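K.L.:
Sequence:
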Amino acid sequence: MLFILFLTFYIAFNLGANDVANAIATSVGSKAISIKRALIIVGLLEFTGAVIFGRQVSQTLSTQITDPTLFTPHIFVMGMTSVLLGVGMWLQIATLLGLPVSSSHATVGAIAGFSWAALGVNAVNWSSLESIILAWIITPIISAMTAALFYSQIQYWIISINQSSPIAKLNEWIPWLSTAIVVTFGTFTLPPVTCNLTYLLREQFNLNIPKYGISILIGLISSFSLTLYSWRQVEYRDIEQGKQEQEKASNLTFGPVERLFARYQFLSACFIAFVHGSNDVSNAIAPLATIVYMNQSHKVPMGKIDIPIWILAIGGVGIVLGLAFFGKKVIITVGDNIANILPSSGFCAEFVTAITILLSSRLGLPISTSHILVGSIVGVELVQNSASIQMITLRRIMTAWLITIPISASLGAIIFKFMDFF
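So this note's numbering is basically just the index in the sequence shown, starting at one, shifted up by 300.
Treat the hints loosely; a few may be bogus.
What follows is a set of in silico ranges between Cβ atoms, one per label pair, in the way DEER data are often shown [said to hold, decoys possible]: (1) Q533 to P706: 44 to 50 Å; (2) T484 to L397: 33 to 39 Å; (3) W610 to I703: 47 to 53 Å.
Straight-line C-alpha distance at most 25 Å; calculated DMTMM-like pairs for lysine to aspartate or glutamate [as the list claims (entries may be wrong)]: (4) K336 to D720; (5) K599 to D720; (6) K717 to D367; (7) K331 to D636.
Note that these hints are calculated values from the structure, not bench results. The structure presented is a predicted model; accordingly, all values stated were derived computationally and were not measured. Backbone N, C-alpha and C fix where the C-beta goes; we use that ideal spot for every residue, glycine too.
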């Protein structure tokens, strides 16, 4: 069992070094936040998201890719062990090359590979696999289109050179942007956190609070506070100086509009880290959760299984440490080498990415964070400056995506056969 725990930590560590870098790459690339500060804050939020929301996707990966009824407990344990080792190896190789591959692809491919090697083609749940692959194809296209639409509106209404005073326009839009951020983030994150508090107040103090009352109250306070804070950041004197500062802004020194969007981008980076942890921790812990279940029940899981919180914690800790030690290479690839990202465009890309990931996580779909984020970056850059897109880097990333499933499936099958032989 100690070996299995080590393998789980190993895959989570490599997932943090590779996939988690997507959560902060655009913020670091646009200079909205320093890499040291990003590593600390994002690490904490990744762990929190993993513990609170990681259970649903873990259940999908561990029981729906293959048909558990066909396996004995011994064979299934060997298979999950081969998945842990195979996925960890491929993520480590990709990280050393600076390629943001999909851990979801790798995990699903490895599960399908060992299943096929163990019992043949009928052991794979092809209908579930098809729906997951379809989500992988559709989500980056949707994220690119949504991000392009979102950024085009931001550009037209706020930062366009045709605006006589971008700062004045930004002041008008600050309440709407603040409300959109708080409502989007709070809708998905607050109810699971506040429902227990509502229940406690009702049982212990006989306070009959509406189901979403606390969440709505926190949302209103947060929206009001963010609006006031944003207005204070854009001082009245900036209205007169805004046009001149906007023209002088560069990647290192932004005008007042981009400076405020840098703060919004920091918020979106925090949220994307939270929802990334809620989705991608499943790739590390799903095999371990299955093995623990079989050790306790002595049978192969046939449906949803209860994921203990300590398993979620192992995945979260591994992800945080992997990001801290080896995440820089992938951060540079996504944040600097795809396109020239400004805080305004980076905010739009991250905002759309976070929404897509969290929706997928709540639906139990193990989608690819790297697919969605890269799609969002391409979408905003098509609006901002299509010539800045580095096609060589984009082709390298897409090639890595295409070979991830075959390589991870092969590793899962080979490692399983090797373990079965001995």
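K.L.:
It remains to establish, for every hint, whether it holds in the given structure.
P.N.:
Each hint tested on the structure:
Checked against the hint of 44 to 50 Å, the pair Q533 and P706 passes, with Cβ atoms roughly 49 Å apart. Between T484 and L397 the beta carbon distance is about 34 Å. The supplied range of 33 to 39 Å therefore holds. In this structure the hint that W610 and I703 lie 47 to 53 Å apart at CB is violated, the actual value being about 34 Å. Annotation: proposed proximity of K336 to D720 is violated, straight-line Cα distance about 44 Å (limit 25 Å).
For the proposed pair K599 and D720, the alpha carbon gap of about 19 Å is at most 25 Å, so the pair holds. A distance of roughly 19 Å separates the Cα atoms of K717 and D367; the hinted pair therefore holds under the 25 Å criterion. For the suggested pair K331 and D636, the alpha carbons sit about 10 Å apart, so the restraint of at most 25 Å is met.
In terms of the numbered hints stated before, the structure departs from hints 3 and 4, listed from lowest to highest.
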